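Asker: Given next are the chains, with one letter for each unit.
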Amino acid sequence: MITNDTGDSISEQKSASPRISSTQELRDRFGVAPVSTESICNPAIYDLEKEKIFRKTWLKVATTWEIPEIGDCKVKDLPVLDTSLVITRGRDGKIRAFHNVCTHRGNKIIPETDTETYVRARANVLTCRFHGWVFSTDGTLKSVPAQDHFGELDTACARLREVACDVWQDFVFINMEPEPSQTLADYLDGLSVVFGGYPYAESTQAYRYSTVLDCNWKVALYAFSEGYHVPTIHAGSLPGFRGADHAEFKVMSPHASSTIFAGGMDTTPATSAFAAVLHGSAAHRPRPDQLPKAINPTGRPDFQFELPTIFPNLIIHLGAGCGYPGLSFFTHQFWPMAHGKTLWEGTNYFRPPATAAEKAAQIHVSALHRNAWLEDTATMEDTFKGLMSGAITEMQLMDQEFLIRHISQNIDKYINA
Amino acid sequence: MDKTSSDAITSRFSDLSPLLEKWAFPAENQRSAVRWGASASEFEEFYSKMMPRLGEFLELLSHNPPNKLPPELHGIYQLVCAFAEAAPHHELYKGSAEVPHSFDPRRFRALHGNDPS
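Protein chains in written order, with the numbering used here: chain F, 1 to 417; chain B, 1 to 117.
For the record, the hints were derived by calculation from the structure and aren't laboratory data. Fair warning: this is a prediction, and the values are worked out from it, not measured in the lab. Just so you know, not all the hints are guaranteed correct.
Stated by the list, open to error - Pair by pair, the computed Cβ-Cβ distance ranges are:
#	chain 1	residue 1	chain 2	residue 2	range
1	F	LYS142	B	ARG12	56 to 64 Å
2	F	ARG300	B	ALA33	24 to 32 Å
3	B	ARG107	F	PRO178	34 to 42 Å
4	B	SER62	F	ALA33	36 to 44 Å
Glycine is no exception: its CB is placed at the ideal position from the N, C-alpha and C atoms.
Work the whole structure out from these sequences, hints included.
Answerer: Below, the structure written as structure tokens:
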């Protein structure tokens, strides 16, 4: 049985206050010892992670607004699960997930053009290009060419193979267990206390970036899980960044969260002009009033964004326009492709621009953020090479790197369960 | 916008033709390709001609969504989008086409990169 930090089984977690009251409590509960690099460097542990984490936990694969209309489909290639999934919105409006596999002989129903592929199912059906088997977006096998030439064919059993799928705060999650041991609501129960209620689906204007990194997925995840690096790595793109404070840790195992505060930075003339466009708009101005109550409860004016780790591979930074101008929230996701290969996806979410000036301002903010991400990703392949050299076998973690310690401890719990 | 206003705008921005020719493209991937090949002096020239008029341009672009701009503003909009992406290279990166100490931007994919901004 997998347990949380207090020894309760994860399925028994309830919405108790997740807040850590002090750095001392953080140290007392989770320790201060260096953290082993074994789970990053050992390919055998990656195999265990695939089996015991990625095939057993809920994973975000889409947002509801990516497939807003009946018949909309998103295909997601997921090497870590050895499959490709198709997420559909059926005639009944329900979102479902299926293996992207024809039940005839295994061909992909929807050919992929990228790591993510979007299609509209005409007449609400999906047709395999191999032999023309036709499936409804609810998975039902609708028709089979030359069906009377099959000596035996149970069409009811030849539905698309469905995968557990549910929606939380307009984020679509799947779980590969035939019967998940926890519902999505239970899995994210503690997280909902911190993140529930923000109108995520209003911010449909996305600027999406991705890259394939030659590193273990946790090297990338860890690099984005702490604010300690900001004054150094981002000295170029965030000049004069001052008063950085990574604090207010909250633990809802296997998830955790924290808050990034900052006193400010040297704003350039161009950024000031573009920011003024967004800050002058009712839709894009800072909206601290929309933050869930558990985030920045004292109303510190230097709040930038909330930084959680949603186990195992998702980060949703919620800023409500308080950090980067106009930016409602941004996400990182880290998809293992192999032990030493990771697909990183970073997306900036804004409310839709009403004018061309607002769109240009969003492009500026997104470019600044993309540039910061270029600075972040610059470290990852070197870090992985360094760790794989065996020169060090432990990571020395300071208090602001707590999320790394917490993820590492939860990975150990899952693979040893 | 009536024809008189349209002609006035075209006349007002006639000096931008060289900038339009070099920098104005509808999609992020096209603009990135231009930016990666730009020199420090080109960034400086772009900045020095755009920044003093940025407020004026943004005001002109504040009356319509991007897909409903009058045709005479299409070029200005693309130029402002290019400036939005290029300004940090002059203001922060000393005219470097690359973000210093960064990952190779050509390995970064903008999933929206081929869509018109």
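Asker: Could you work out which earlier hints the structure fails to respect and list their numbers in ascending sequence?
Answerer: 2 and 4
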